[in-house]
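Number of protein chains: 2
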Amino acid sequence: MTQLIRVGIVGYGNLGRGVVQAISQNPDMTLIAVFTRRDPNQMEAEVGIKFEHISAAEKYIGEIDVMILCGGSATDLPEQTPQLAAMFNTVDSFDTHAKIPEFFEAVDQAAKQGKTLSVISTGWDPGLFSLNRLLTESILPVGDEYTFWGKGVSQGHSDAIRRVPGVKAGVQYTVPIESVIDRIRSGETPELETRDKHLRQCFVVAEEGADQEQIRQTIVSMPNYFADYETTVTFITEEELKTEHHGMPHGGFVIRSGITGHKTKQIIEFGLKLESNPEFTASVLVAYARAAVRLHNDGAVGAKTVFDIPFGLLSPKSAAELRKELL
Amino acid sequence: MTQLIRVGIVGYGNLGRGVVQAISQNPDMTLIAVFTRRDPNQMEAEVGIKFEHISAAEKYIGEIDVMILCGGSATDLPEQTPQLAAMFNTVDSFDTHAKIPEFFEAVDQAAKQGKTLSVISTGWDPGLFSLNRLLTESILPVGDEYTFWGKGVSQGHSDAIRRVPGVKAGVQYTVPIESVIDRIRSGETPELETRDKHLRQCFVVAEEGADQEQIRQTIVSMPNYFADYETTVTFITEEELKTEHHGMPHGGFVIRSGITGHKTKQIIEFGLKLESNPEFTASVLVAYARAAVRLHNDGAVGAKTVFDIPFGLLSPKSAAELRKELL
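Residue numbers (numbering that gives the first Met the number 0), protein chains in the order written: chain A, 0 to 326; chain B, 0 to 326.
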């Protein structure tokens, strides 16, 4: 029996909780500690997990094989990933697409100095969707690619709703337009903007006495967020919000419609239907944590992305087992 | 500008022709020659391609970066891949699942002796479907996997039909059962045999005066091929066979239905809808030919499968471009 992979988690929100659960599904891994900015003594009672203040991470050098970073992309990861990559192998889900190149450079430098390995920007988009965009473009260089997101909650759009005067609470779902998906599945290759592919469904709890028609107007005419989209606003009670909109479902599709030979249509589709976005993202992070440790054991250092990692490293099975069972 | 990848093709059936077309879609590649067991002088006139007898391959050592092997798995590849791997980097689509481990060993030995690199068993199944089985099992270790094939022509079953007395010609389509796919997409995880997931549709041209009911009975009761399946037999004219059944469509789905956390359902689906099976397989071989050359340039030798190869190597784009454009 090979040694267990010793995992640390940084951050204990929805994603960090998902990682704890995912580790329990992978018998080759063990959770050493969860690092948090909160007071670890106040958390200890919560569950059977060892909590440490994030400032204590350094003491765990040599005792943790990989740190799974579960902070946000806006402020946490740009600071935490380079810091921790100097000491540990890391995996994160940095998802600000436009800033990935500079993030990569910062982490790459830190990891090379620390002789560690960091997998950045994994999860499902960036992550599995990116892998499919790359795979399908490489196989069908003549073609068009379509990414659809949803049905799922968009945090940014939900926040925007909640800033509207008279709104007490609310949630926004991004919904791919089924008829557009069907056109592409049947071989059409229309030019589409994001707004042509998605609806926005808003469920809003209004404050008592608030003007619902005015709230609706403010939402549907909000630039960048809603003005360009087909947007519906449905007013619901606080109770309905709690019971019917507490989940974090998400998903989507990457479809490539390509041409080979003489106008031969070839369509590749990858899709996700997730009841919990953070639990699924956590499961992806955990598989890539295994790959990070193995790559590092093989002598690799620096920042890596999903594009650099063969799938064989994601599985606890040996290469010979994989060839026999799954090829 | 980096140097063009110089490609050779061995075998000039449907797959070999598909590879010629796929190379023309990839500007970083150039076709050097097609090697065949037939008389190359008789083929020269056919198209603007250089044909060589397969016995002349050795003369091309140093002039071809990768050989794409387009022979069959039954007798061609078990002989050709080890032979050619001793001299060239190779890519093939060996698809006899049960014999992959011994095929891998034979090719690995030849390639290591020749200091070359061979990617075996790529295409879509084995190939892209295998990649998805591995990826999704690694991410969702608690779950069930379903592979559906079709709608597509099965050569083996079409041959079986044609051996029935009174049958002049015929073709068999394997068709996934839509209602079963829908059950799995909606989260059910039934235990299913291949026969529970697929129908078999036979289109038969009977010889003049043949007993159609007897032909139908012989087909639907044929052990291994049809007896266990829901099978339909439709009699058509030779003309209809030519006009409506000349294509080689295929496709299918790999669906994993998994659980995270406390009974949270997570579904991952990968699907192909192909108007031409050989042209698509050829396109996959060509992308992996690029990866084979790059891996070899980095010093790797021996046999590899799709599980060993990071997707980044499939694309002509640089790692930095890929991170910026596709992650």
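For the record, the hints were derived by calculation from the structure and aren't laboratory data.
Each residue gets a CB set at the ideal place from its N, CA and C atoms; glycine is no exception.
Hints may contain errors.
[As the list claims (entries may be wrong)] Derived Cβ-Cβ restraints for the label pairs, each shown as a range:
#	chain 1	residue 1	chain 2	residue 2	range
1	A	2	B	143	22 to 32 Å
2	A	193	B	182	27 to 37 Å
3	A	62	B	23	54 to 64 Å
[Stated by the list, open to error] Far from chain A by the CB rule (all over 10 Å, computed), these chain B residues:
#	residue
4	17
5	38
6	57
7	60
8	96
9	129
10	134
11	152
12	278
13	279
14	282
15	311
[What the hints assert, rightly or not] Covered by chain A, per the in silico footprint, the following chain B stretches (three or more residues, Cβ under 8 Å):
#	stretch
16	68-79
17	176-183
18	265-276
Taking the hints in turn, this is what the structure says about them:
Separation of residue 2 of chain A from residue 143 of chain B is about 30 Å and conforms to the stated range, judged on CB atoms against 22 to 32 Å. Against the hinted window of 27 to 37 Å, the Cβ-Cβ separation of residue 193 of chain A and residue 182 of chain B comes to about 32 Å, which satisfies the hint. Take residue 62 of chain A and residue 23 of chain B: their Cβ atoms lie about 55 Å apart, and the range 54 to 64 Å holds. A beta-carbon of chain A comes within 10 Å of the beta-carbon of residue 17 of chain B; the shortest separation is about 7 Å.
With a minimum CB-CB distance of about 26 Å to chain A, residue 38 of chain B clears the 10 Å threshold, and the non-interface call stands. At roughly 30 Å from the closest C-beta of chain A, the C-beta of residue 57 of chain B stays outside 10 Å, upholding its exclusion from the interface. No beta-carbon of chain A is positioned within 10 Å of the beta-carbon of residue 60 of chain B; the least distance is around 28 Å. The beta carbon of residue 96 of chain B sits about 7 Å from the closest Cβ of chain A, which is not more than 10 Å, so the claim that it is off the interface is violated.
The beta carbon of residue 129 of chain B is not kept farther than 10 Å from every beta carbon of chain A, the shortest such distance being approximately 5 Å. At roughly 5 Å from the closest C-beta of chain A, the C-beta of residue 134 of chain B falls inside 10 Å, breaking its exclusion from the interface. Non-interface call for residue 152 of chain B relative to chain A: holds, since the shortest CB-CB distance, roughly 15 Å, exceeds 10 Å. Against the 10 Å criterion, residue 278 of chain B falls within the reach of chain A, whose nearest CB is about 4 Å from its own CB.
At roughly 5 Å from the closest C-beta of chain A, the C-beta of residue 279 of chain B falls inside 10 Å, breaking its exclusion from the interface. Residue-level check failed: residue 282 of chain B sits 5 Å from the nearest beta carbon of chain A, not beyond 10 Å. In this structure residue 311 of chain B is not separated from chain A by more than 10 Å, as the shortest Cβ-Cβ distance comes to only about 4 Å. By the rule of at least three residues with a Cβ nearer than 8 Å to a Cβ of chain A, the coverage given for the stretch 68-79 of chain B is violated, with 0 such residues.
Under a criterion of three residues with beta carbons nearer than 8 Å to beta carbons of chain A, the stated coverage of the stretch 176-183 of chain B fails, only 0 such residues being counted. Residue count for the stretch 265-276 of chain B with a Cβ under 8 Å from a Cβ of chain A: 11. That meets the three needed, and the coverage hint holds.
Hint compliance for this structure: hints 4, 8, 9, 10, 12, 13, 14, 15, 16 and 17 are broken, all remaining hints hold.
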